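K.L.:
Single-letter residue listing:
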Amino acid sequence: MGKTVIRAKNFSHFFGSVPALKNINLDIFQNEIFGIIGPAGSGKSTFLRALNRLNDLIPNSWPEGILEIGGRDVYAPGTSVVELRRRLGMVFATPVPLPRSIFENIVFGARMAGEKNRGRLTELVADCLKKTALWEEVMDRLETSALKLSGGQQQRLCLARILALRPEFIMLDEPTSGLDPISTMKIEETLRKLQAEYTIILVTNNTKQAARVADRTAFFLNGELIEVDTTERIFSAPSDQRTNDYISGKFG
Amino acid sequence: MRIYVDPKIEQRFFRAVLWLFTGVTVFILFFIIFYVLKRGLPVVSLGFLTKNPVEMGKAGGIFSTIVGTVALTLLAILIATPLGVGSAIYLTEYTRENWVTRVIRFGSECLAGIPSIIFGLFGFILFVTKLGLGWSLLSGGLTLAFMILPTIIRTSEEAIQSVPYAYREVSFSLGGTKWQTVTRVVLPSALPGIATGVILGVGRSIGETAAVIFTAGSSLHIPTSLFSSSRTMSVHFYILAREGISMANAYGTAAVLIIAILIINVLAYTLMNKFMRKYC
Amino acid sequence: MTRLERNEKLTRLALLLVAFSAVSILLVITIFIFSEGTPVMFRYGLQKFLFGLDWFPLEKSYGLLPMIIGSLFVTAGALIIGIPFGLACAIVLTEFSSKRLRRLLKPIIELLAGIPSVVYGFMGVVILVPFIRDNLGGPGLSVLAASIILGIMILPTVISISIDSLEAVPRSYREGSIALGATRWQTTRMVMFPAAKSGIIASIILGMGRAIGETMAVIMIAGNAAIIPRSLLDPVRTLTSNIALEMGYAAGEHREALFATGVILFIIIMVLNTIANLTSKRRTP
Numbered sequence: 001m002g003k004t005v006i007r008a009k010n011f012s013h014f015f016g017s018v019p020a021l022k023n024i025n026l027d028i029f030q031n032e033i034f035g036i037i038g039p040a041g042s043g044k045s046t047f048l049r050a051l052n053r054l055n056d057l058i059p060n061s062w063p064e065g066i067l068e069i070g071g072r073d074v075y076a077p078g079t080s081v082v083e084l085r086r087r088l089g090m091v092f093a094t095p096v097p098l099p100r101s102i103f104e105n106i107v108f109g110a111r112m113a114g115e116k117n118r119g120r121l122t123e124l125v126a127d128c129l130k131k132t133a134l135w136e137e138v139m140d141r142l143e144t145s146a147l148k149l150s151g152g153q154q155q156r157l158c159l160a161r162i163l164a165l166r167p168e169f170i171m172l173d174e175p176t177s178g179l180d181p182i183s184t185m186k187i188e189e190t191l192r193k194l195q196a197e198y199t200i201i202l203v204t205n206n207t208k209q210a211a212r213v214a215d216r217t218a219f220f221l222n223g224e225l226i227e228v229d230t231t232e233r234i235f236s237a238p239s240d241q242r243t244n245d246y247i248s249g250k251f252g
Numbered sequence: 001m002r003i004y005v006d007p008k009i010e011q012r013f014f015r016a017v018l019w020l021f022t023g024v025t026v027f028i029l030f031f032i033i034f035y036v037l038k039r040g041l042p043v044v045s046l047g048f049l050t051k052n053p054v055e056m057g058k059a060g061g062i063f064s065t066i067v068g069t070v071a072l073t074l075l076a077i078l079i080a081t082p083l084g085v086g087s088a089i090y091l092t093e094y095t096r097e098n099w100v101t102r103v104i105r106f107g108s109e110c111l112a113g114i115p116s117i118i119f120g121l122f123g124f125i126l127f128v129t130k131l132g133l134g135w136s137l138l139s140g141g142l143t144l145a146f147m148i149l150p151t152i153i154r155t156s157e158e159a160i161q162s163v164p165y166a167y168r169e170v171s172f173s174l175g176g177t178k179w180q181t182v183t184r185v186v187l188p189s190a191l192p193g194i195a196t197g198v199i200l201g202v203g204r205s206i207g208e209t210a211a212v213i214f215t216a217g218s219s220l221h222i223p224t225s226l227f228s229s230s231r232t233m234s235v236h237f238y239i240l241a242r243e244g245i246s247m248a249n250a251y252g253t254a255a256v257l258i259i260a261i262l263i264i265n266v267l268a269y270t271l272m273n274k275f276m277r278k279y280c
Numbered sequence: 001m002t003r004l005e006r007n008e009k010l011t012r013l014a015l016l017l018v019a020f021s022a023v024s025i026l027l028v029i030t031i032f033i034f035s036e037g038t039p040v041m042f043r044y045g046l047q048k049f050l051f052g053l054d055w056f057p058l059e060k061s062y063g064l065l066p067m068i069i070g071s072l073f074v075t076a077g078a079l080i081i082g083i084p085f086g087l088a089c090a091i092v093l094t095e096f097s098s099k100r101l102r103r104l105l106k107p108i109i110e111l112l113a114g115i116p117s118v119v120y121g122f123m124g125v126v127i128l129v130p131f132i133r134d135n136l137g138g139p140g141l142s143v144l145a146a147s148i149i150l151g152i153m154i155l156p157t158v159i160s161i162s163i164d165s166l167e168a169v170p171r172s173y174r175e176g177s178i179a180l181g182a183t184r185w186q187t188t189r190m191v192m193f194p195a196a197k198s199g200i201i202a203s204i205i206l207g208m209g210r211a212i213g214e215t216m217a218v219i220m221i222a223g224n225a226a227i228i229p230r231s232l233l234d235p236v237r238t239l240t241s242n243i244a245l246e247m248g249y250a251a252g253e254h255r256e257a258l259f260a261t262g263v264i265l266f267i268i269i270m271v272l273n274t275i276a277n278l279t280s281k282r283r284t285p
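Protein chains in written order, with this note's numbering: chain A, 1 to 252; chain B, 1 to 280; chain C, 1 to 285.
Just so you know, not all the hints are guaranteed correct.
Lysine-lysine pairs mimicking BS3-like chemistry, simulated, CA-CA at most 27 Å apart [stated by the list, open to error]: (1) B:K274 / C:K99; (2) C:K197 / B:K8; (3) B:K274 / C:K106; (4) A:K193 / A:K3; (5) A:K116 / A:K148; (6) C:K9 / A:K116; (7) A:K130 / A:K116; (8) B:K130 / C:K60; (9) B:K38 / C:K106; (10) A:K148 / B:K274.
Since the hints were made in silico from the structure, they are not lab data.
Since we're looking at a predicted model, the values are computed, not measured.
Given these sequences and hints, build the entire structure.
P.N.:
Right, here's the structure in full:
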């Protein structure tokens with residue numbers, strides 16, 4: 001087990017007066033793939049969006065409790081949200097390539113951070129595309145629109161785009177929910193390779209995916225953390241009946 | 001007592017009446033366009049477009065009024081676009097619905113409803129007299145800019161709102177600030193929609209008379225600076241027709257005006273269609 | 001926080017200032033028109049100004065009643081012509097035409113809004129005025145001519161806002177009505193129209209505002225005599241034409257009286273705007 005890099009202590013998040021997350025306590029360790037499973041509305045996405053403070057965009061919502069990354073509270077006053085988000089790259093459920101070229105999509109974050117050197121940007125693009133196994137497929141058409149790529153390619157592009165931020169964490173919010181099995185497999189392979197360098201949090205509505213990829217898995221239900229354990233134990237001998245019911249397909 | 005009418009027959013009757021009314025409306029439009037073009041186009045020649053008016057417009061062409069129209073419109077657009085787009089950005093991206101946005105929207109709607117003659121009066125008293133700018137491109141351009149501002153605000157707002165929310169989330173999640181998100185993601189995507197609003201503003205500026213005649217004046221010289229008085233095509237047309245200086249030249253000017261308006265509308269419509277296909 | 005993040009506050013403030021430009025302009029216009037126009041109203045006497053029948057500015061006689069009534073007449077006439085045509089077009093476009101036809105007709109009708117008002121006025125002068133003079137009598141330059149041309153000019157306003165409000169009616173209303181066996185026309189009359197009522201009323205009020213505010217077209221075809229018209233064929237002068245006709249040479253108190261005319265016009269327009277704003281806001285989502 002690596003050292004704790006993310007820690008939630010009695011963390012809740014409210015939308016209006018409704019808590020979308022209730023008293024979450026959990027630790028995430030360095031260089032693990034941390035799976036989060038649970039039915040729709042269980043709070044898994046809210047947890048990711050609390051980490052990079054994307055929830056800030058929603059009116060009338062606020063956090064309670066403590067959420068630490070590398071020992072520093074994410075919601076402490078004076079925190080740079082921009083720097084925070086660069087540390088936690090996020091991939092969304094539907095691939096969202098920006099209406100620009102493949103090249104410009106990948107360097108988008110770097111450009112916003114002020115990088116102008118063409119040579120370094122070109123290097124960055126090649127590096128990130130290789131890591132996501134997309135280089136061979138698109139190396140000769142980097143200037144074409146990213147919207148022309150297939151769904152699976154688009155999602156790997158989104159992954160490459162956050163690698164270009166040189167983040168510490170990769171967060172994926174049901175990244176393969178709209179993809180075919182082969183594209184899904186490619187993404188999962190990529191994640192396993194990336195594990196050496198990054199800590200990965202994978203939210204998925206596909207329990208089998210968590211079983212295949214994650215080192216440890218947490219089960220969320222109605223905004224509560226039901227249990228968290230090694231993936232093996234969650235799927236073979238869960239300690240909570242509800243976890244068992246969910247992974248055996250009785251609901252969700 | 002009500003007489004029973006078969007709803008099918010009733011529908012057939014009203015459908016016919018409604019279509020008749022619509023047909024008449026479309027006919028009026030085509031009639032105006034064809035009437036003006038039929039009488040005006042024979043007058044329009046290269047010389048008509050490139051020569052200056054002679055003897056108050058009785059002879060010669062309309063070159064100086066074309067220059068005046070273009071200069072005035074350009075000026076109005078240059079002033080109104082940043083204000084309009086900036087307002088739209090604030091309303092859509094930087095705030096939530098509250099009393100401030102309601103005040104801003106109400107103000108903009110009221111401004112849109114103010115008759116052009118009031119703008120003319122206002123421009124005359126403030127720019128021409130009080131600020132001492134005289135009848136000039138600057139006075140006219142500022143007045144027109146104020147007039148078209150609400151159009152640009154409204155169309156920009158609609159364009160910005162139709163940019164997918166996901167684009168913003170992606171930009172934020174990649175470490176973008178709000179301003180970066182607006183300038184690098186939102187505005188480029190909303191550009192065709194914003195351009196449509198600007199083009200509509202151009203159309204209004206070209207066709208405007210009442211607000212211009214009292215602020216830009218009616219000099220037939222080619223304007224040489226922002227402080228030159230200048231006559232636009234609409235004003236020229238009005239003076240030619242009303243004072244009976246030259247009917248032929250009036251028709252010619254009207255034909256050029258109508259063609260400009262047609263081009264502008266087609267342009268705006270094409271851009272809007274392209275935009276809608278992309279996002280809606 | 002990074003430098004860019006600290007700048008965000010400044011950006012927000014700058015944009016807020018820009019966003020207030022429209023309101024500020026409205027305010028400045030109000031202040032200037034009122035400060036130029038109101039003194040003479042009170043010096044001359046508000047009652048004499050509003051209800052006086054004689055407009056002889058050179059003899060310092062500023063009775064505005066003929067122009068107020070003139071504006072009301074041509075506006076009423078414009079509405080009588082514009083409402084049926086405008087609503088018919090709106091209904092045809094939303095309820096009785098195929099999608100393809102709608103895509104063709106809508107830009108054509110929107111083009112009506114793009115035609116300069118001087119061109120409308122000119123069409124009135126060369127076609128409508130002679131027609132009225134030859135067939136109905138009178139000078140041709142008349143309430144009738146102005147009403148017809150203004151009726152056409154307010155069509156784009158009435159049509160586009162009515163279309164918006166008809167399209168805003170939830171589809172389920174229409175489908176529910178059709179499913180109950182109602183014809184399209186019955187659905188339009190009994191379901192769509194009541195549901196879109198407030199928006200349609202707003203469209204009419206805004207059309208009214210356009211008619212009252214229109215200047216150049218009216219000057220060209222209304223005849224501009226500052227007397228209360230006795231018939232549809234009599235010439236008429238509106239508030240707007242009163243300003244535009246004399247602004248070119250007016251000075252001193254005369255010019256102030258023209259600004260006072262602007263004040264009256266301004267008040268009428270603001271009242272209409274506010275009513276339209278309130279009606280369309282009351283629309284339930």
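K.L.:
If any of the earlier hints don't hold here, list their numbers in rising order.
P.N.:
none
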